[in-house]
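Based on these hints, arrange chain B on the given structure of chain A.
Protein sequence lines correspond, in order, to chains A and B. Using my numbering, the first residue of the first sequence is number 10, and each one after it goes up by one. Using my numbering, the first residue of the second sequence is number 10, and each one after it goes up by one.
By construction, these hints were calculated from the structure, which means they are not laboratory data.
If several chains are the same, the list does not tell them apart, and a pair holds so long as it fits within one copy or across any two.
Cross-link-like lysine to any residue pairs, in silico, SDA-like; alpha carbons within 20 Å at most: (1) K164 <-> N175; (2) K246 <-> S278; (3) K164 <-> A177.
Protein chains: 2
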Amino acid sequence: MWQATEDVLESIAIGAGILGTGGGGNPYIGQLRARQAIKKWGPVTVLTPEELPDDARVVCVGGIGAPTVGIEKVRDLQSYHALRAIEDYTGERATALISNEIGGSNSVEPLIPAARAGLPVVDADGMGRAFPEFQMKTFFVYGVPCCPMAVADEKGNSAIVRETINPAWAERLARALTIQMGCVACYAVAPMTSEQVRRTAVPNTLSLARDLGDAVKQARDDGDDPLAAILSVCPGKVLFTGKVVDVDRRTTAGFARGTLTIDGLESCSGSRMVIEFQNENLIARRDGEIVCTVPDLICAVATDLGEPVTTELMRYGLRVTILGFPAPELWISPEGLAVAGPQAFGYETDYVRLSV
Amino acid sequence: MWQATEDVLESIAIGAGILGTGGGGNPYIGQLRARQAIKKWGPVTVLTPEELPDDARVVCVGGIGAPTVGIEKVRDLQSYHALRAIEDYTGERATALISNEIGGSNSVEPLIPAARAGLPVVDADGMGRAFPEFQMKTFFVYGVPCCPMAVADEKGNSAIVRETINPAWAERLARALTIQMGCVACYAVAPMTSEQVRRTAVPNTLSLARDLGDAVKQARDDGDDPLAAILSVCPGKVLFTGKVVDVDRRTTAGFARGTLTIDGLESCSGSRMVIEFQNENLIARRDGEIVCTVPDLICAVATDLGEPVTTELMRYGLRVTILGFPAPELWISPEGLAVAGPQAFGYETDYVRLSV
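For reference, chain A alone in the conformation it holds in the complex:
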């Protein structure tokens, strides 16, 4: 058990930016929003899945939409409205909240309604990274129903996706509502049990994000290499280093989609990396050859300071290093890969786990 105070938010934002693989919503904006909520309503208790009471009712909350829009659009208490809407629909009160994805601003999204409602959050999430689509959560892969779920905007509109024939249809209907709501909204899923959280969530990811951020900050303070600090906390490898020479990004169908091209520097000089993204980085090719795919993590950080660079802020001229991390174990089962492997995103390649 620990307290999410204003002091830890900067570290979480750095770590969640790295784990977000480009997406999950802008972590700086998320940090500001969480800071405001904690300043107003006080710190939030963070419980491990084991520390949850056995009879807990755990609601997963998150933002949905295009990160490009999320950096501009007011969100206010969207996720609190979504929480109240799903409580109202199910007739059950949440006793704890959990992040849908540890990547980007969604890592701290639950802190806002948790601070407002005086609830704890769970040190875990439904991805162990970020993914672009609602149904891509370990919860749903391992049998938690994806519906009913509530979608709410900041204006006072809310809807319930009540029942769908499969999780992809929940994504489809929620995305259509989100687009109407201005391309960014928040959602809340019907409560899970503690048993479901312990069995299906990726554990200890909020503290992992915090520890990653702490390590980066410490390395900067000490004049050490922040990239080495990241890899010491989270086992992974450097995939590429270079300069961004092209970003082809469009906000379409409720996502930020596109391609990032990096020309190699230093040890990668003469090579080129091309990364395709849908909010998150999906596949990295070096000189045409696939070197990493979903569900493994493809993370861009500024080469000098280890600062994560998300999809919506990527731009020409940035010096970035691309890090790769193997996906959480829950994703590499056949059921997990069916939902978030390369083929789930339309790539014909098979998943080959990144060796580190």
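For chain B alone, kept in the frame of chain A given last:
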């Protein structure tokens, strides 16, 4: 009180086709679906608003989407699923159903869930015609809340539009869900009271549709003029007669939108009428001059047989007569015109009531 049996469906389809002003869903398809339901589960009792028990809970059900799609897409028991979804959400059981609009297939849509559930329907509706958008109902103009409402498809997906800041947002979210569901879905609105029905519905419209159809059939049998028969039942006037020379129709944003051009014949020879539609006919211009606008009814019927011609079946070469009817009184108040007058559809013209 009367019984909606298989025998009355053909007349209702003709009358509802006329009152549909081009839209409301294909009346022939609606008739076939209602016939199947009544054959399977028996006739449906039709009550006037006054005959409703004072404690009745009346659910408005209807189809939503593009009529062009509605003639092809399977609907099955969509409206029954929507009914059950809103009952489940509100915790209240419907004791009667009411049509959202008397035009087109929506006139008989409530008969299907009513037959299935053994409920009566009310001889009234929320438009006294057809309109393209969800919020364009007399119910909502006069204070009935438009939410919560349920949207369901034939596959097993359903959603609740729970709360919106105004009725236009309910249309916006329901339309987005409908498009995902395949451009045709069904909805059900939270129950109304008998007092609300009596005060805000356009009364006696199901019997009006039946009487219109009966008159057309009788005239055909007797070798009389079916157009004169229509005007004897429903006061209105002939606006134009001619041959369809162009139909510019596209299915877009969940509607069938376009323009219909008719070259005059007989007394209209040398003139041209152009009608713009959004599912329904919105504005009729003769040689550039506006002769009729919403909320008044602009209805196209085949000149020879008085058969209504809906938007999705309109085609080059048809001989049609355009009839105009003044809108129900509930629409011509300032509140009514704000929702369904010409300016609500983006036309700058003021409403001038059709004189008959």
